[in-house]
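Novice: Got chain F sorted already, so can you dock chains S, U, C and P with the ligands onto it with the hints?
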Amino acid sequence: MTDLTTSEAERPAMQKPVIDVSGVDLTFQTNDGPIHALKDVNLEINKGDFVSFIGPSGCGKTTLLRCIAGLETPTGGTLTVNGLSPNEARKARSYGYVFQAAGLYPWRTIGGNVKLPLEIMGFSKEEQIRRVRKVLELVDLEGFEKKYPWQLSGGMQQRASIARALAFDADILLMDEPFGALDEIVRDHLNEQVLKLWARTEKTIAFVTHSIPEAVYLSTKIVVMSPRPGRITDIIESPLPKERPLDIRDSAEFIEIAHRVRDGLRAGHEG
Amino acid sequence: MTDLTTSEAERPAMQKPVIDVSGVDLTFQTNDGPIHALKDVNLEINKGDFVSFIGPSGCGKTTLLRCIAGLETPTGGTLTVNGLSPNEARKARSYGYVFQAAGLYPWRTIGGNVKLPLEIMGFSKEEQIRRVRKVLELVDLEGFEKKYPWQLSGGMQQRASIARALAFDADILLMDEPFGALDEIVRDHLNEQVLKLWARTEKTIAFVTHSIPEAVYLSTKIVVMSPRPGRITDIIESPLPKERPLDIRDSAEFIEIAHRVRDGLRAGHEG
Amino acid sequence: MNRSDTQFERIAYPVGFGLLVLLLWEISVRVFGISPALLPAPSAIGAAIAGSVPILWGDWVQTVIKGAMNGLWMGGIAGVALALVIDRFAFLKQGLMPVANFFAALPIVGLAPIMVMWFGFDWHSKAAVVAIMVFFPMLVNTLGGLAATDSMQRDLMRTYSAGHIATLLKLRIPAALPFVFNGLKIATSLALIGAIVAEYFGSPIRGMGFRITTEMGRLATDMVWAEIFISALTGTALYGLVALIEKRVTFWHPSQRG
Amino acid sequence: MKLRQSAFPILTVIAALLVVWYGATIKMNSTWTYDQAARAGTEPSFSEVVSDTMQQSRPLLPAPHQVVSELWKTTVEKKITSKRSLVYQGIITLKTTLWGFTLGIFIGVSLAAIIVLSRVGRLSLMPWAIISQTIPIVALAPMIVILSNAAGAGTLLVPKAIIAAYLSFFPVMVSMVKGLSSPDHMQLDLLRTYGARPNAVFWKLRVPASMPYFFASLKVSVAAAFVGAVVGELSTSAIAGLGARMLIGSQFGEPMIMWAALFAAAILAGLLIFTVGGVEKILRRAMGGRAV
Amino acid sequence: ADDVTLQLKWVTQAQFAGYYVALEKGLYEAEDLNVTIKPGGPDVAPVQVLLGGGADVMVDWMPSALAARENGAPVVNIAQPYKSSGMMLTCLKESGVTSPEDFAGSTLGVWFYGNEYPFLSWMSKLGIATDGSEGGVNVLKQGFNVDPLLQKQAACISTMTYNEYWQVIDAGISPDELVTFKYEDQGVATLEDGLYVLEDSLTDDAFKDKMARFVKASMAGWTWAAENPEEAAEIVLEYDETGAQTEKHQIRMMGEVAKLIEGSTGALDIADYDRTVASLLSGGSDPVITKTPEGAYTTEITDMMMK
Ligand SMILES: Nc1ncnc2c1ncn2[C@@H]1O[C@H](COP(=O)(O)OP(=O)(O)OP(=O)(O)O)[C@@H](O)[C@H]1O
Ligand SMILES: Nc1ncnc2c1ncn2[C@@H]1O[C@H](COP(=O)(O)OP(=O)(O)OP(=O)(O)O)[C@@H](O)[C@H]1O
Ligand SMILES: Cc1ncc(C[n+]2csc(CCO)c2C)c(N)n1
Ligand SMILES: [Mg+2]
Ligand SMILES: [Mg+2]
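Chains as they are written, first to last, in our numbering: chain F, 2 to 272; chain S, 2 to 272; chain U, 69 to 326; chain C, 28 to 319; chain P, 93 to 399.
The set of hints was computed from the structure by calculation and includes no laboratory data. Just so it is clear, CB atoms sit at the ideal spot from N, CA and C, and this is done for glycine as well. It is possible that part of the hints are untrue.
Unchecked claim - Some residues of chain P that are not near chain U, with every Cβ distance over 10 Å (derived):
1) Asp94
2) Glu121
3) Ala122
4) Lys185
5) Asp194
6) Ala196
7) Asn230
8) Lys233
9) Pro267
10) Asp277
11) Pro321
12) Ile353
13) Ala370
14) Lys399
What the hints assert, rightly or not - In silico DSSO-like pairs for lysine-lysine, Cα to Cα no more than 27 Å straight-line:
15) U:Lys315 / C:Lys205
16) C:Lys231 / S:Lys147
17) C:Lys122 / S:Lys147
18) P:Lys130 / C:Lys122
19) F:Lys148 / U:Lys315
20) C:Lys246 / U:Lys253
21) P:Lys340 / C:Lys106
22) P:Lys340 / C:Lys110
23) C:Lys110 / P:Lys217
24) C:Lys308 / S:Lys148
25) U:Lys315 / F:Lys147
26) P:Lys175 / P:Lys217
27) C:Lys308 / C:Lys122
28) C:Lys106 / P:Lys130
29) P:Lys244 / U:Lys134
30) S:Lys148 / C:Lys231
31) S:Lys17 / S:Lys135
32) C:Lys231 / S:Lys126
33) S:Lys135 / C:Lys231
34) U:Lys161 / C:Lys246
35) P:Lys130 / C:Lys110
36) P:Lys117 / P:Lys175
With the rest of the complex left out, here is chain F:
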């Protein structure tokens, strides 16, 4: 896999991976000594993929997402996004990032928060208004535009932060446990919404979760990770069709994949 970058040029343009992680290593230097957060991570994500990352706490899921977004610089290996470096891709505004916590700015209304990236990227006033309305509708927050974050429940805040990431139509969505604090019913609902959006827009999505059913339900590719050092232990391609009603979760195929993920996870815990 290390010569992947050289062979790349020969492939047809369409199949070139959007995100190409190859031999990535990342060590944090801390007072207590170095922490090996990522070790020899290799991964290809193609256009339109929905990739889930799953693994125990501290296995480097967030770190890997941050590397992809150019928020962290790997200490080894190469990482390209659309052939660019993550930093360049970031400057080209390719990313919509949903953080582990909602992280709305408390001095802005919900509408203002969603508008924030649009202001920075210089969209016109009318366009800003139009898009804010559209994405708030998408996450079921019509009518809350003028409210402040603390006036909303945790789940609503998380939806607002998703709307914020969707507002400017980035090609790549990076979502870090976006539904962590929600109950199962709301979660199911949002899972459906995300799937719909993904099916419609052909975005590339990288998605971190702790929930095995969620990972299996959403993804075309499931990446199982393991800590100390953080590394990929399994990559599972999902055979599930793109169209996924909620009750697909009771199908034998689904349960089988879920089992494989669980086994992978358990192995990581023991290892």
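Specialist: Same frame as chain F, now just chains S, U, C and P with the ligands:
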């Protein structure tokens, strides 16, 4: 059910419920107007019961637990614990309460945190040391006694907080989403531990969770709740045996109960 | 403890406490026959205030409006501006902050005679003292505030690839405002004290500091306390005003939501 | 730790400041030079002017080397026991500061405890604590001297320490009010489930939870105590200490004495803050805090 | 020994040399007194210290003592070591002020803290307004030094013959560039540096006896100081806790102070007293004192002392 309190005296002593909630109502007065957090809640919990509470966010699970612990005073109805008022029971130190977040005191070591209730309740020095050692072993935290909370992972912190609640051998354990932030593998492990402890000690346990499998796996009784106003919509007695290996979750019985719970939950969301 | 305080209680209690102190003060002055040259009775202070409104007004204008206010806006703007500059250049931050901290440790009152020497005895030297006194709390608080964003908030801006100015305007300045107001609260009380102290080292024949020293020499302590009263009233009003604006501007901050 | 890293920027900034300072020295002191020349009827050359501005005995702004040499003369070249030594004077100020600081901590913590534990205390004391800080302490200074004199305090240390405490209790109080009320509902509820008494809540929860706030306030508070000590010496009775030296320097037309005392004060304040910061770090570590 | 606490009007300097000499040379001890000398400061009004019980006797200027008396602080002069006034107004020639007629419209530095009374009564005698109105003088509250003159912020400033005047000279301005108006020469001199006690305490015979011994020893100290200015200055320097005073300045101050002491036995000269009172009463619209003071002095102590 409303005449339950009168008929109580006639029953044999053994069957008298440990926790007897009858017609409990609770309304919070807020700036935005009153919030009806609990409405006509009726529930009996017998000695040795393992009761799970499940329901969407804001349906009053935490509030009900707090009422039982005497941390909140119902605005209507009666609630007795071992025949006493919750406040008296609290002063009699009947409760071990595990909060939604670990809530360890950061200025105390793990050992110090577990020792805290023992100090307050005036156990002797040797007894304190003995018990701290015992419960830390129980939650697999031997050797971490001298560490500070921030030196432990989230899961370890939550286990420490469980140890703290177990240290003084309260009859009644109240656990509010104790495993909320843990990944599935760790969660499974802790579920097994709790079940073991329960089987051995005959404690009465009230347990809040968002996870349907967890509720079904652990409980003798599942209470499904629904919001606005917070109320009980279903109480499901589990036919599962007390001995529960992890793979009981693939049994038909298990899946059936899980379905019933999910339906109850969904109804609550729609209602 | 759970009961939140009503508006009425929040006013009635401190006022009641104040009145109680005044009452005890008045009684003890009378009962123990304390010489008015040492400690005047509150009633005498009240009489002095009522009887010298024009003088007190003139002093107030000289010290508060000309000295303190001018110094306050000059020092405030300078502090915030330098904070923005220092914040922009890591080099300056590393180099200037230790030096600034050294100067901030100066007991600024010691500068008052120097400022009088440099800027003359009228209000200019007072404003200079005030400006220096106000400068450091504003600088330090603004810098602290600009650094007060959490890393996720900053990372969000980075994912948008926002520039320095955009990050400043949309994230860091709003996030810094609670700190700036905190600095401003400290600054207002310092401003009054600075303006008054500076008058001790030379002044025209009006001003609150001037009056306090001269009337003290004349043993007219009722007048001294009248000025002290006016000064405390002004300081409290300024503090209240800043707190009010703060409430309006940083309504979103948890501390303002109660 | 990062001192080596930031040594270069610090030195650069200091160098730039020195250049500005020397420039200002020439500019500000030259007026006097020209005036004197005019009185003497001579016309000095530029270099004469520059050299004169560097060595006036009553400069508007002394040159840096003048300040340094004065500092050197009054610290290193004088016995510590000599009244002319700034070290001797500094120790007097330091003593006042430490008494005031101690008293301030005591008052601040006590008031905070009353405010946090009692509703009436909170409602009536807090606003007055704020108001107390808007009263110009210099105006009260003489009264404090006279009243403590009347109350039988033999030395000036008492009134000076009171003034220092008056300024230093406030930061401690504000922080401690925050700190003692920092435990969240859950932390409080935990103790309630144990049926803990208010006493236990205070000592086992509120007090330890307030420690970081307490430490954070110490640096501010010691600086305030120091300012109070200097103000006390400057205004109550110019007998001894750095504040008194500033005053005498100013009164007797010896600006160099004033400047040297001023810089000595800044250095001493810096040392105090540094020391308190160090003690804070040690205590924090001893209490199991994160090494930051 | 009897305890006596003396409150000075200002900081330790040769202005008060007689007391320090008496202390250092054991003259107080010889009178069976245990004397404590408390220096003053910018903010401390000696009268207040007296009232507060912090001192038994104080050094003060008669104008402020009389003003205090009228304001309800019953102080009484018991002795007057200073015969003449050392106060003057010092002007820069280049400012154009050469005679009192030139004052109008110019800025004059004045000490306050109770030291402004001689100036105010002089101005009202000259008929010059001091409230900043048209045709009057512009009064500046002078700080503790002579900077306003050097920085040309004022045309004239208040100086003492024994102190500030020499600071101006030391700063490099020669005497012929200055014009001085001594209050003595202008006929508006008021009595400086007398010893005052509270009226009540004079009802106690033991206290009176104590004071008589105190004044006696103090005057002996003054006599010695006037004869040995250099040693006296040394003694003063030793008592200066700030260590900031200079020898040169204090020796010169002692020399000048000796001139003001000359001719005083310690006893108050009633003629001087009357002149001071008249001057203070003549303050036009805003006199320093409004009625002739009663019992503001007693010669009893000095009489006892002379015996
Ligand atoms: N800035 C940092 N400095 C030092 N170590 C870090 C830093 N960020 C992360 N780490 C370490 O890197 C490892 C991976 O962290 P990461 O946040 O990527 O885990 P994660 O898989 O997202 O876990 P979780 O599920 O708890 O969010 C952890 O051991 C963590 O302690
Ligand atoms: N102290 C309070 N004051 C006012 N309203 C409250 C208070 N505590 C809870 N509530 C309200 O009561 C309702 C029930 O809250 P509760 O915390 O019991 O929900 P929950 O079922 O535990 O939810 P979650 O699953 O999110 O923890 C909510 O609507 C909540 O807003
Ligand atoms: C507070 C105060 N300030 C100034 C003077 C003026 N003054 C009168 S005598 C004297 C000593 C000789 O210089 C001085 C300075 C004072 N008395 N008290
Ligand atoms: Mg993470
Ligand atoms: Mg809850």
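Novice: None of the hints should be skipped; say for each whether it holds.
Specialist: Tested hints:
no. : hint                : in the structure
1   : Asp94               : holds (25 Å)
2   : Glu121              : holds (32 Å)
3   : Ala122              : holds (35 Å)
4   : Lys185              : holds (21 Å)
5   : Asp194              : holds (20 Å)
6   : Ala196              : holds (17 Å)
7   : Asn230              : violated (8 Å)
8   : Lys233              : violated (5 Å)
9   : Pro267              : holds (23 Å)
10  : Asp277              : holds (26 Å)
11  : Pro321              : holds (30 Å)
12  : Ile353              : holds (25 Å)
13  : Ala370              : holds (20 Å)
14  : Lys399              : holds (34 Å)
15  : U:Lys315 / C:Lys205 : holds (18 Å)
16  : C:Lys231 / S:Lys147 : holds (18 Å)
17  : C:Lys122 / S:Lys147 : violated (40 Å)
18  : P:Lys130 / C:Lys122 : holds (20 Å)
19  : F:Lys148 / U:Lys315 : holds (18 Å)
20  : C:Lys246 / U:Lys253 : holds (19 Å)
21  : P:Lys340 / C:Lys106 : holds (22 Å)
22  : P:Lys340 / C:Lys110 : holds (17 Å)
23  : C:Lys110 / P:Lys217 : violated (46 Å)
24  : C:Lys308 / S:Lys148 : holds (19 Å)
25  : U:Lys315 / F:Lys147 : holds (19 Å)
26  : P:Lys175 / P:Lys217 : holds (23 Å)
27  : C:Lys308 / C:Lys122 : holds (23 Å)
28  : C:Lys106 / P:Lys130 : holds (26 Å)
29  : P:Lys244 / U:Lys134 : holds (23 Å)
30  : S:Lys148 / C:Lys231 : holds (19 Å)
31  : S:Lys17 / S:Lys135  : violated (32 Å)
32  : C:Lys231 / S:Lys126 : holds (17 Å)
33  : S:Lys135 / C:Lys231 : holds (23 Å)
34  : U:Lys161 / C:Lys246 : holds (21 Å)
35  : P:Lys130 / C:Lys110 : holds (17 Å)
36  : P:Lys117 / P:Lys175 : holds (24 Å)
Comparing the model with each numbered hint stated earlier shows that hints 7, 8, 17, 23 and 31 do not hold.
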